[in-house]
Amino acid sequence: MIKKFCLWLLLSLTLLAPLQANEAVPMAEDPVLEARLVQLSDNLRCLVCQNESLSGSHADLAKDLRREIRGLMKAGKSDAEILDFMVARYGDFVLYRPPVKPTTWLLWGGPFVLLVAAIFLLLNLLRRRAVALRDLPPPEQLSEAERLRARSLLDGESSAKKDVLS
Amino acid sequence: MKRFLIPIVLFIVLIGFLAVGLKRDPRDVPSPLVGKPAPAFSLPMLVGGQSLSPQDMRGKVWLFNVWASWCVSCRDEHPVLVKFVKSGKMPEILIVGLNYKDQTDDAKAWLARFGNPYTLSLVDADGRVGIDYGVYGVPETYVIDKRGVIRMKHTGPITEESLTSRIMPLLATLEAEPR
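Listed in order, the protein sequences are those of chains H and R. 19 is the number that our numbering gives to position 19 of the first sequence; each next residue is one higher, with no gaps. 8 is the number that our numbering gives to position 8 of the second sequence; each next residue is one higher, with no gaps.
No lab work stands behind these hints, which were simulated from the structure alone. Mixed in with the good hints, there may be bad ones.
[Said to hold, decoys possible] Partial selection, computed: residues in chain R whose CB lies under 8 Å from chain H: (1) P91; (2) G127; (3) I131; (4) D132; (5) G134; (6) G137.
[Claimed, not checked] Think about it this way: if two alpha-carbon atoms lie no more than 30 Å apart in a straight line, the pair counts; the simulated DSBU-like pairs of lysine-lysine are: (7) K101/H / K36/R; (8) K77/H / K153/R; (9) K60/R / K63/H; (10) K60/R / K101/H.
Even for Gly, the Cβ is constructed at its ideal location relative to N, Cα and C.
With the hints as extra help, turn the sequences into a complete structure.
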């Protein structure tokens with residue numbers, strides 16, 4: 001009984017195999033081109049599922065765009081020309097690495113501006129503290145009576161702690 | 001008190017940025033095509049089969065509306081378009097549909113069922129023209145002026161509100177422009 005079931009299972013899996021292989025068909029056609037496609041589309045955003053790359057997305061539009069890029073590659077277009085093709089249609093948003101231009105200066109330079117500002121604030125703070133420490137009035141000397149009182153207080157505290165512990 | 005002033009101001013500025021960011025629609029990606037000539041194509045009409053290109057629309061202000069029978073939010077948008085056409089407020093404006101990656105029979109049945117606001121619809125079976133127009137989520141609508149330049153792109157379904165507050169005023173100014 002079990003043996004028969006296993007046989008059926010195996011048979012149905014074999015029948016399913018060509019279905020699963022469908023997706024990989026273009027891969028076999030031209031592995032070099034496909035590798036280039038994956039490399040290029042890794043840096044492109046799928047606009048349907050915005051946090052996925054074009055190479056990894058299963059959205060219909062991503063499949064169509066991969067088809068277009070494949071066509072452009074076969075037509076001998078360079079990577080830069082293909083990126084231009086994408087940007088002309090979907091804007092800089094498709095690029096995971098935005099270009100450096102006036103509207104993105106803040107994006108690229110912002111972290112460094114913050115870093116410089118933080119270093120400046122830190123140095124300022126350290127300098128002010130050094131000055132404050134230097135200008136501190138000399139510590140007042142305790143009188144003998146005060147010293148004894150402090151000693152007894154400290155001793156009392158430690159003996160009280162011992163009581164709790166024991 | 002004064003030493004807390006700077007952190008509080010910084011915090012309020014940060015909250016301001018976050019509040020603006022929350023209200024923005026991440027799906028609304030500005031199109032680089034606004035201000036550029038509408039990409040050329042030659043597509044067959046859904047009914048009749050004759051082909052049409054943007055060149056044929058010169059001298060007219062038109063809406064280029066991407067739709068499909070499989071598109072769920074098109075059902076929200078469709079009544080708004082039907083009502084706009086029926087109202088007869090702007091009879092000179094043509095609405096050209098781009099039937100995007102659809103089955104012709106399904107598309108025709110859909111129009112028969114929900115009404116047809118389109119002057120005509122074009123068939124983009126493999127989605128290539130959609131890609132040239134930077135379509136990434138149906139429905140999308142382009143406003144194209146008399147010289148064939150895209151003046152606005154609306155992503156997502158047109159609502160009563162966006163039609164009256166944004167699209168119709170633009171159509172009126174474009175209609176007043178010389179050829």
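Hints versus structure:
Of the supplied interface hints, the one on P91/R is violated, with its beta-carbon coming no nearer than about 33 Å to a beta-carbon of chain H, more than 8 Å. Here the hint on G127/R is kept, as its CB sits about 5 Å from the closest CB of chain H, short of 8 Å. Because the beta carbon of I131/R sits about 6 Å from the nearest beta carbon in chain H, less than 8 Å, this interface hint is met. Interface hint at D132/R: satisfied, since its Cβ lies 7 Å from the closest Cβ of chain H, which is below the 8 Å cut-off.
For G134/R, the shortest C-beta to C-beta distance to chain H is roughly 4 Å, which falls under 8 Å, so the interface hint holds. Evaluation of the G137/R hint against chain H yields a held restraint, the C-beta minimum of about 7 Å falling below 8 Å. Between K101/H and K36/R, the direct Cα distance comes to roughly 20 Å. Compliance with the 30 Å bound is thereby established for this hinted pair. Note on K77/H and K153/R: the hinted pairing holds, with a Cα-Cα distance of about 29 Å set against a maximum of 30 Å.
A threshold of 30 Å between alpha carbons decides the hint, and for K60/R with K63/H the separation of about 35 Å lies outside it, so the pair is violated. For the proposed pair K60/R and K101/H, the alpha carbon gap of about 36 Å is over 30 Å, so the pair is violated.
Violated hints, in rising order: 1, 9, 10; the structure is consistent with all others.
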